[in-house]
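Line order of the protein sequences matches chains B and F. Read in order, the letters of the first sequence correspond to residues 1 to 562 in full-length UniProt numbering. Read in order, the letters of the second sequence correspond to residues 1 to 562 in full-length UniProt numbering.
Calculated from the structure, these hints are not laboratory results. The reader is advised that the hints may include incorrect statements.
Stretches of chain F that chain B covers, calculated by requiring three or more beta carbons in the stretch to come under 8 Å of a beta carbon on chain B [to be verified]:
(1) 115–127
(2) 161–170
(3) 550–557
All residues carry an ideal CB built from backbone N, CA and C; glycine is no exception.
Protein chains: 2
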Amino acid sequence: MSDHAVSRVDLSRVAQDLGIPVVSFHPYGPGRGKIDPLFVEKTPRRPSRYILVSGMTPTPAGEGKTTTSIGLAMGLSHLGKKSVVTLRQPSMGPVFGIKGGGAGGGRSTVEPSSVLNLHLTGDIHAVAAAHNLLAAAIDNSLHHGNPLDIDPLTVSWSRVVDLNDRALRRVVVGLGGPGFGIPREGRFEIAVASEIMAILALSLSWEDLGKRISRVTFGRTRQGKPLTAADLRVDGAMTALLREALWPNLMQTSEGTPAIIHGSPFANIAHGNSSVLGDRVALATADCVVTEAGFGSDLGGEKFFDIKCRVLGRGPDVAVLVVTARGLRMHGGVGEVRQGRALPPELSRPNLPALREGLANMVRHVGILRQFEVPVVVAINSGEGDSEEEVRAIREAALSCGAFDAVVSTHFLEGGAGAKDLAAAVLAASGDPNGETRPLRPLYPLEMPVDEKIVTIATKIYGAGSVVWSEGAKADLARIAKTEAAAFPVCIAKTWASLSHDPALKNSPSGFAFPIREIRVLSGAGFVLAIAGETQTMPGLPSDPAFARIGLTAEGEIAGIL
Amino acid sequence: MSDHAVSRVDLSRVAQDLGIPVVSFHPYGPGRGKIDPLFVEKTPRRPSRYILVSGMTPTPAGEGKTTTSIGLAMGLSHLGKKSVVTLRQPSMGPVFGIKGGGAGGGRSTVEPSSVLNLHLTGDIHAVAAAHNLLAAAIDNSLHHGNPLDIDPLTVSWSRVVDLNDRALRRVVVGLGGPGFGIPREGRFEIAVASEIMAILALSLSWEDLGKRISRVTFGRTRQGKPLTAADLRVDGAMTALLREALWPNLMQTSEGTPAIIHGSPFANIAHGNSSVLGDRVALATADCVVTEAGFGSDLGGEKFFDIKCRVLGRGPDVAVLVVTARGLRMHGGVGEVRQGRALPPELSRPNLPALREGLANMVRHVGILRQFEVPVVVAINSGEGDSEEEVRAIREAALSCGAFDAVVSTHFLEGGAGAKDLAAAVLAASGDPNGETRPLRPLYPLEMPVDEKIVTIATKIYGAGSVVWSEGAKADLARIAKTEAAAFPVCIAKTWASLSHDPALKNSPSGFAFPIREIRVLSGAGFVLAIAGETQTMPGLPSDPAFARIGLTAEGEIAGIL
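Given these sequences and hints, build the entire structure.
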């Protein structure tokens with residue numbers, strides 16, 4: 001039973017080099033540790049460059065945003081900058097399902113990758129336990145005479161597991177007769193879709209965490225009064241369960257660059273960004289902080305500016321848009337891409353006409369990022385089948401639509417050395433490192449009415465011509481307008497597979513009617529969730545799941561996580 | 001965000017003093033670590049004394065078995081012995097439910113207690129993830145055309161959470177129409193009732209773990225062929241999830257004595273003992289190893305000898321039976337004790353006649369332990385209301401029924417100093433420390449037929465007059481007789497509240513007909529599970545749950561876990 005894959009550098013040394021006080025770093029098993037962030041409050045402000053990595057509308061295989069974030073941080077180190085990459089912790093659902101792990105790839109990885117992909121330090125498990133404790137408290141209160149007068153039909157709180165488990169999407173709980181609880185319809189979601197995960201990623205302190213959890217709303221009384229975790233007196237125990245989960249995790253890249261891994265809110269149903277606290281630690285210690293937002297710039301990207309940065313209190317100095325020739329060819333109409341299947345092989349072969357057609361998607365994403373008034377660097381994540389003509393076409397299109405630069409990056413094959421050009425472009429774009437930090441330019445002011453916020457995002461970011469409200473959504477709007485949630489930012493839940501709400505609309509759809517089905521208030525996370533069409537919060541496993549390839553080798557190493 | 005409650009001694013120092021090589025000890029957050037047990041194979045055999053702590057039939061509040069185990073290990077340290085206590089990890093179900101934490105009490109605790117009670121190093125979460133991954137794989141296989149021809153009505157594999165959640169006892173999963181899986185009845189159990197937890201506690205290596213998991217049986221084909229995790233190709237991923245969970249956890253007591261915390265199988269539904277691997281590490285490093293078996297000697301005690309010790313390859317040198325005057329009074333008929341309610345106050349007041357009546361329960365437990373040919377020391381776990389006459393009566397009864405000694409222990413109030421007499425008696429009873437280890441004397445040979453094994457346990461341990469088999473159990477027996485499981489040891493699932501199957505039969509019931517409802521083969525754990533009457537594997541929360549008292553203080557400490 002030997003240790004995991006050899007770490008590049010002792011992690012305590014990585015923490016020390018980053019300037020984390022010895023007493024603030026706690027090892028949590030081989031290759032991983034947690035950072036008590038209290039020291040940041042006593043650390044003088046540092047002129048760090050804050051670099052957002054976002055992406056085009058991806059293929060189901062992803063366009064290498066994580067790998068690019070890791071490679072870029074390593075490339076910046078090659079240029080002599082003290083760099084940190086901040087990432088979300090991968091959910092185990094995709095690890096065992098289709099997509100594989102979330103530790104990067106090739107020579108740009110977070111190590112030990114199997115630790116990152118399975119459990120890490122248990123934060124997602126802690127989130128699931130806190131979430132499910134509230135669920136158990138709800139059904140227990142119903143069972144014991146319902147003293148809060150909970151209307152069971154209004155209970156919106158699910159249960160969660162950190163796995164893809166289709167059969168749990170719709171369930172009936174409480175069966176079995178007296179002594180087995182009150183039967184009612186229930187549902188399970190994947191743990192990273194929990195509001196508790198969004199809260200973890202947005203909380204600034206244990207006190208903030210506790211307050212947010214106390215406000216979590218799970219349903220209403222029969223008189224329509226909203227009911228919270230505090231009403232069930234379960235908020236304290238939920239907060240206690242998350243005590244150490246709130247400490248950001250430290251790991252390192254394949255070249256020994258510090259990697260802060262913390263929080264994993266879904267990017268389609270939640271705000272899709274790593275934790276505010278993790279970025280605070282990084283910004284207090286490094287010259288350059290590279291952070292990745294989930295899915296395209298329309299999803300995690302927009303939410304980075306409008307939700308995460310508002311809590312953090314600053315915006316990024318530069319945004320990197322990751323594109324691949326493969327992805328652009330798909331938007332140009334090559335191949336039939338289906339979720340849960342391998343990508344068609346023709347996507348990996350040069351196809352200049354299709355790529356030219358698909359560039360409209362990239363142009364849209366550059367435009368989205370430029371609305372937030374940051375310089376944009378396009379990172380062309382190099383693929384084996386890319387032709388010179390294609391790369392030239394991407395560069396030209398990027399520069400002519402307002403990107404600061406467009407650079408090929410070969411970090412997958414070459415590690416940080418392959419990302420030096422990208423790193424140089426990013427530094428050039430982000431301006432004077434000792435100058436003022438760039439002010440935050442959110443898309444909308446918080447005092448804008450909720451319906452206008454939604455219309456603003458749908459039209460300016462997604463390219464919708466109009467927003468269509470369901471009757472339920474209209475009622476939701478009317479209700480929310482009278483509450484403090486009217487001043488919350490909006491998190492729109494929609495597909496990642498299209499700029500629109502419809503996964504079939506590839507490339508650069510516009511003018512469509514964007515449908516809002518339901519609007520919920522997430523009082524603890526502090527945002528309004530607007531749901532567009534069907535959004536699945538519990539993925540299923542494919543017919544040939546990735547778990548079948550995973551196991552322990554004779555030496556006790558974890559193998560088979562791609 | 002400061003560190004947890006001050007640790008007595010730096011834990012790395014505790015590990016080092018115990019003789020664990022530096023490279024084999026991994027910190028896993030403040031106050032806890034894991035031990036890579038590989039070094040044990042290279043460590044010369046050591047003449048350690050192995051001390052089992054078992055108990056009488058308890059009240060719902062428990063009679064202080066954990067506290068006594070901790071106090072005894074500390075008492076042995078006071079006498080100059082290098083001691084370790086090995087315990088199961090507490091489930092979070094009871095922590096948030098009725099019973100409170102499992103970290104001992106008073107001045108005999110494992111610290112930091114809130115770490116022990118919540119998450120520890122995530123082993124239970126890892127067990128739950130592995131368990132639920134198999135469940136997801138089963139329903140996924142049903143959904144994707146059922147290539148293994150699984151008969152859905154034979155699926156016996158549950159899902160689990162580490163919480164008390166009554167509403168999940170009986171559920172219907174797979175609702176919602178096409179794309180949402182195949183509807184079928186399902187159930188959830190508490191994670192510590194999972195066969196995976198039993199496997200974790202019995203496995204000797206990663207290889208052994210992987211083999212056991214591959215054999216786990218979840219149901220049958222429509223032709224009646226048993227189906228395993230290996231048939232679904234999910235065993236490798238399940239094993240990978242448990243890679244580090246198999247490493248025993250190290251903590252320390254309130255006086256700095258090493259505490260190895262590992263595994264937490266239920267004692268009513270599973271074998272109820274801490275891990276074999278944890279005890280191996282302890283026996284390789286300490287003079288005295290104190291280990292606790294769950295509930296009474298009829299449950300965890302019998303299974304310690306017949307299941308755990310067979311895997312470990314040795315028996316204990318001495319058994320300690322924990323009794324309280326309070327518990328004996330209850331068996332003597334004082335008060336109306338109800339699960340989920342506070343104990344009646346009259347139980348804490350001296351009552352010599354009732355105690356004399358209840359001593360029959362202690363006598364039965366001494367007799368059970370003596371059947372395994374070990375010397376028995378009765379530990380009278382001192383309570384405030386105990387009278388001198390009562391203590392004298394306990395001592396006399398213990399000595400006259402064959403106990404080696406009976407000693408009052410005040411470790412709750414005084415820590416290790418209060419357990420010195422108990423420690424001395426235990427050393428005296430366990431004989432020459434440099435002599436041969438006592439040979440293992442199980443109750444029955446493995447080649448005895450399964451029905452005879454069950455009859456032997458029911459009559460010799462529980463005091464039954466006969467065993468009554470359900471029709472299902474008879475069919476189960478006939479089926480099992482033809483398989484290799486016929487040579488497995490038997491684990492009987494029954495109530496802890498009585499020596500019999502009926503919780504209402506207090507004190508010393510005998511001659512009753514013991515009903516076996518169902519007999520299952522746990523191929524991975526390697527035992528046959530015989531279920532007596534109704535055994536609840538998913539507890540419920542009470543009307544006033546313990547979670548309502550738990551929270552974080554302003555200083556970030558976890559408060560309110562009793």
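Hint check against the structure, violated hint numbers in rising order
none
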